[in-house]
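Residue numbers (full-length UniProt numbering), protein chains in the order written: chain G, 1 to 575; chain X, 1 to 575.
Worth double-checking, as some hints may not be accurate.
With a cut-off of at most 20 Å between alpha-carbon atoms, the simulated SDA-like pairs for lysine to any residue come out as follows [what the hints assert, rightly or not]: (1) X/Lys241 / G/Ile38; (2) G/Lys137 / G/Thr378; (3) G/Lys241 / X/Ile38; (4) G/Lys374 / G/Leu143; (5) X/Lys102 / X/Arg553; (6) G/Lys477 / G/Phe467; (7) X/Lys241 / G/Thr378; (8) X/Lys419 / X/Leu479; (9) X/Lys477 / X/Cys60; (10) G/Lys241 / X/Leu41; (11) G/Lys241 / X/His40; (12) X/Lys241 / G/Ile37; (13) G/Lys415 / G/Phe109; (14) X/Lys241 / G/Leu42; (15) X/Lys241 / G/Leu30; (16) G/Lys241 / X/Leu42.
These are computed hints drawn from the structure, not numbers from a lab.
2 protein chains.
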Amino acid sequence: MGFTLGSVLMRLGMTGPDEVSVDAITLFVLLLSACIIIGHLLEKSRWLTESVSALLIGLCCGVVILLRTQGKSSHILVFNEGLFFIYLLPPIIFNAGFQMKKKHFFQNFSTIILFGAVGTLISFIIITLGSLQLFKKLDIGFLEIGDYLALGAILSATDSVCTLQVLNQEETPLLYSLVFGEGVVNDATSVVLFNAIQRFDLSHITSTIALQFIGNFLYLFFTSTVLGIGVGLLSAYIIRKLYFGRKLASDTICNAPTESPSHMTCTSKGLVNDTSEAPLEPCKEHSTDREVALMILMAYLSYMMAELFYLSGILTVFFCGIVMSHYTWHNVTECSRVTTKHAFATLSFISEIFIFLYVGMDALDIEKWTVVSKSPGTSVGVSLILLALVLIGRAAFIFPLSFISNLTKKSQNDKIGFKQQVTIWWAGLMRGAVSVALAYNQFARSGHTQLLGNAIMITSTITVVLFTSVVGGLLTKPLVRFLLPLQKHSGRTMMSDFSSQKSLNLPLLIGQESEVAIGCTNIPQVPSLRMLLTTPTNTVHHYWRKFDDAVMRPVFGGRGFVPYAPGSPPELVVQ
Amino acid sequence: MGFTLGSVLMRLGMTGPDEVSVDAITLFVLLLSACIIIGHLLEKSRWLTESVSALLIGLCCGVVILLRTQGKSSHILVFNEGLFFIYLLPPIIFNAGFQMKKKHFFQNFSTIILFGAVGTLISFIIITLGSLQLFKKLDIGFLEIGDYLALGAILSATDSVCTLQVLNQEETPLLYSLVFGEGVVNDATSVVLFNAIQRFDLSHITSTIALQFIGNFLYLFFTSTVLGIGVGLLSAYIIRKLYFGRKLASDTICNAPTESPSHMTCTSKGLVNDTSEAPLEPCKEHSTDREVALMILMAYLSYMMAELFYLSGILTVFFCGIVMSHYTWHNVTECSRVTTKHAFATLSFISEIFIFLYVGMDALDIEKWTVVSKSPGTSVGVSLILLALVLIGRAAFIFPLSFISNLTKKSQNDKIGFKQQVTIWWAGLMRGAVSVALAYNQFARSGHTQLLGNAIMITSTITVVLFTSVVGGLLTKPLVRFLLPLQKHSGRTMMSDFSSQKSLNLPLLIGQESEVAIGCTNIPQVPSLRMLLTTPTNTVHHYWRKFDDAVMRPVFGGRGFVPYAPGSPPELVVQ
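Given only the sequences and the hints, what does the whole structure look like? Please build it.
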């Protein structure tokens, strides 16, 4: 076995650029497992996040391979952005939509859209114009105007994944929902922007082209969203129609993995638990696998259909996730619910770790650095400029837009304080895998990075990603504790939010419940115009709920009306 | 949108042989969803199984594409046996091991091994020798001796997946466990046999080479099993060590998909259910994703490591599944258990449907049929001969080996009756995706099938697979009802099995429980030699349990000792 292992290690570096070998997959799976285990062991250390440790493991592994192959290669898989966009990104974005706190998201909807769409545009413009001006003085290779625009889009994509690992949902719920919501919308905006840039010939911009560009952007945004919602609703409808009539006939218990074959996973037998845990909910034999499979396939279908029609798959699959969690998820059995919830999170988790591991490993790719090393000063200069532009670009929209957002809020508690603004600014600085993938897409399209300009752009992007991930990952938690030491503060903000909204919604809610109880007769409870003006979101939310209850839920399913359960979080009822 | 859809449909046929395009993936995902929905709608019809309907949908789709492309191509993805062996087969085999009724399997262990290993060898020899003799009279191209041996291995691989869909676990538990167990061992035997054939130069067989061949076969079988068990135990150990100490500290509830971000899937909040269902078990925040991810990755790692060391991944991952369900599964949280159980079943389910869909679509691949159509008579003759050999080869081991197996059984109820033997013979006739994948591996290695002999072998294999799947899928259920109309009969066999074993094991079990209760002092309860001789399996099982409880479970975890719960199935306690 000894010599076999040796030959395996020898083979690792020899893998050609195109073939994905058994060796590479094995090593990668091994490293992924190692990352998860190490990530768990480091959980108590509040400094290192899972992403950063995966990055560092990737870097170490890259160094080892680099040494073993005498500097020929640092990676075992060549970054294939097809792999990234077709297999790794969809589960992450879908899961983001699926697991999202919809109520928080829609409560802060205007602020999130302001940050995520308008803010990303501001950041994009500043990075593009800044690099256009500043790079003239540096001796980098020729870059087209499209390259600068792409650079703006690439570096405007914040890394919502990494960000989530440093903010705590319980401690700072408002910040959390703002940064998370912004991150998702921002991802979509950057990718849509990037696609729009690649599709247009932007070497000579006229006002017509600029208008077309904006039109295209809006068209992409709208159609992608509609497609995602459509596929999500279709999945809800299909699963409801297929299983609805039979749900009550189920009297089987699902559990005990060893007791059933491939397709008969829910047997009609009970279960002896090894702890004093209660047995699980009843669920229908065989239907769980079908339901879960259908949900996975239709979610993926929404992404691929968007790509097929040249739309933004990322937006589509995000909205598909939201719709699926609002309707489809409530139409399936209890077993399917637990399974989908955790299976989607696990797939997303593996994809994330995979990406960070790869980025770490790929950062050392020798080809690019050889080209760049001829002009180290330039490269360092470009990286510093880009880093500065990222910092400025984010500051340039967080503070003004927070000011605007605060103008619309009446209550002092709803406003975003200065310290919170600083935290939002800092927490969203991290750049991640989306940036790297887009950079490869733009600057390594021929598969090689031997042009100086392209090589510098890629290495600088990687530098920015590594720097912001590591520094941001290490410093954000201490910063949050330093800036917001009264963790009750933002908590109070949220709670007062709840209570103010509850006092507003509770009668409406009760009205709705009684409506259902007495058979949907319309009790006149139309809010006044003044109410609409002062609390627009809540009232829009109210109309949406009325529409949802009257039209959507009877067709597509969804959570039923349950009496308020003591101890349950209010958003589950109010949502 | 109309013209876009048209151009999409146009593009479908144009896909080159090597590239996997967005179009192809989209269509495939769409077809998979359709198969699941149609499979569900056909569930009540006891004639069509999911596999057969996927096959037929694939065939129909192949016809449509064939017509659209004016006969140029019938598939949207070229059969890539790398895809099959690296991505599709591992989940199916792992899930078979993971979901297996271990008690049934080990209770009928000798019979299953007899059928699965010895029987497959008999079938292999008969098909090889038969085709060697009969093909001489037909004008087919030149085939080496290795090709005939490969053919024997290819057509000895029964399709356990398809088989399971026609036998009912509740109605005929003994048949079910025999056919399923045999199918799994048979899969492994065929693949190991096939690999051994491909690795040896068998053009001139000497006794030395034959001995080497047998030695190689045994070596592969043994090392692959050990590797699978090793990785499974490692996963149990790691998860136990990582999470054991913290399990009791968990006070969070997991559920409600929409309420947490990617990594914080178990929030500390309760849940308002839409039905009167009890809330789920508590489980540790974040740990579920990690546990599930680790289990998936380590299962896959075992398969890839086996492939890396040129062992049989299929055997390795099967035993890894068994060990994981026996130890690892009991070390994780309740949420992880439900998730892994259904996620693995779902992955396996999707892989199966994918394979059948593909086989149906690929059956029409025009290239092979063009070559074959020059000698249609020969092709039909070869298919008929192979079909007959499959029937004879299976009969040649089922009836003699059942006779041998019956000799070792004392009780009349434990014996396999003649009608049951006929059912086992018939239910195991189906050939499936493993056969097709192996046939491609052997006869289409250059990527083309223009040699007459190779083309005939592939088309004949496909014919046998289609014929046995469709006919077997349609007729097995009626046959079982016709041959075994007293469905209680075999049920009674199983129940008497239980009671006879319970009467034997119950005092031992109680002894073991009290051992644990009083701290593992050794109560002298060694079974007598006579007992060992008359009921060897049960006593081996008893020693294994002692070893398991004393050595294995303290290290690797596993099910704890629970008092016998009324209403729970006895195998859960006795197992």
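These are the hints, each one checked on the structure:
Taken as a hint, the X/Lys241 and G/Ile38 pair is honoured in the structure, with Cα atoms around 13 Å apart against an allowance of 20 Å. At most 20 Å may separate the alpha-carbon atoms for a hinted pair to count; G/Lys137 and G/Thr378 meet this at roughly 10 Å. At most 20 Å may separate the alpha-carbon atoms for a hinted pair to count; G/Lys241 and X/Ile38 meet this at roughly 13 Å. Pair hint G/Lys374 plus G/Leu143 holds up; C-alpha atoms about 18 Å apart against a cutoff of 20 Å.
For the hint linking X/Lys102 to X/Arg553, the alpha-carbon distance of about 16 Å falls within 20 Å, and the restraint holds. Taken as a hint, the G/Lys477 and G/Phe467 pair is honoured in the structure, with Cα atoms around 16 Å apart against an allowance of 20 Å. This hinted pair does not check out: X/Lys241 and G/Thr378 have alpha carbons roughly 49 Å apart, beyond 20 Å. Distance hint between X/Lys419 and X/Leu479 is fulfilled; the C-alpha atoms sit about 10 Å from each other, no more than 20 Å.
Proposed proximity of X/Lys477 and X/Cys60 is contradicted: the alpha carbons are some 25 Å apart, above 20 Å. Between G/Lys241 and X/Leu41, the direct Cα distance comes to roughly 11 Å. Compliance with the 20 Å bound is thereby established for this hinted pair. Between the alpha carbons of G/Lys241 and X/His40 the distance comes to roughly 11 Å, so the proposed pair stays at or under 20 Å and holds. For the hint linking X/Lys241 to G/Ile37, the alpha-carbon distance of about 11 Å falls within 20 Å, and the restraint holds.
Of the supplied pair hints, the one linking G/Lys415 and G/Phe109 holds, its CA atoms being roughly 14 Å apart against a limit of 20 Å. Under the criterion of a C-alpha separation no larger than 20 Å, the hint pairing X/Lys241 with G/Leu42 is consistent with the structure, at around 15 Å. A hinted pair counts as satisfied when its Cα atoms are at most 20 Å apart, and X/Lys241 with G/Leu30 qualifies at roughly 18 Å. Restraint check: the Cα-Cα separation between G/Lys241 and X/Leu42 comes to about 15 Å, which is no more than 20 Å; the hinted pair holds.
Going through the hint list in order, the structure does not satisfy hints 7, 9.
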